[in-house]
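A.B. asks: Sequence:
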Amino acid sequence: MARFTENRWTSAIIPALLIHIPIGTVYCWSVFKQLIAGRLHASPASVEWGFSLAIFFLGMSAAFAGPMVEKNIKKSALVSMVCFVVGFAGTGVSIALNFLPGVFICY
Numbered sequence: 005m006a007r008f009t010e011n012r013w014t015s016a017i018i019p020a021l022l023i024h025i026p027i028g029t030v031y032c033w034s035v036f037k038q039l040i041a042g043r044l045h046a047s048p049a050s051v052e053w054g055f056s057l058a059i060f061f062l063g064m065s066a067a068f069a070g071p072m073v074e075k076n077i078k079k080s081a082l083v084s085m086v087c088f089v090v091g092f093a094g095t096g097v098s099i100a101l102n103f104l105p106g107v108f109i110c111y
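Our numbering puts the first residue of the sequence shown at 5, with every later residue one more than the last.
Please keep in mind that the hints were generated in silico from the structure rather than gathered at the bench.
All C-beta atoms, glycine included, are put in the ideal place defined by N, C-alpha and C.
Restraint ranges, calculated between C-beta atoms of paired labels, are given here:
(1) N76 x L22: 15 to 23 Å
(2) I77 x R43: 35 to 43 Å
(3) R12 x C32: 24 to 32 Å
(4) E74 x A46: 38 to 46 Å
(5) G94 x A67: 19 to 27 Å
(6) V89 x Y31: 12 to 20 Å
(7) M64 x F92: 14 to 22 Å
(8) F103 x L62: 21 to 29 Å
(9) C32 x S84: 12 to 20 Å
(10) I109 x V73: 22 to 30 Å
Using the sequences plus the hints, can you model the full thing?
C.D. replies: Printed below as a string of structure tokens:
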């Protein structure tokens with residue numbers, strides 16, 4: 005019986021599905037922006053900058069971290085996971101503290 009990691013379908017499909025979780029959170033911003041704006045007592049237009057910044061830095065990280073991914077995929081996956089978790093937690097804390105700049109920095 006083949007090990008789980010030796011099956012190319014599971015070693016390709018599972019990471020492909022897992023990568024959609026952080027990408028999906030960026031595109032869910034339009035669903036949550038009204039709630040976040042209400043919680044932070046800010047206008048939805050000012051909260052919209054969070055999405056713009058996230059898309060900008062998503063593209064920049066893909067452009068500049070590409071060579072790192074090619075050299076060591078495991079290290080780049082670990083770094084991206086840590087950044088995602090810290091950013092997600094930081095966004096939640098910033099929303100709880102009503103700190104809009106913190107949302108922009110962490111998201």
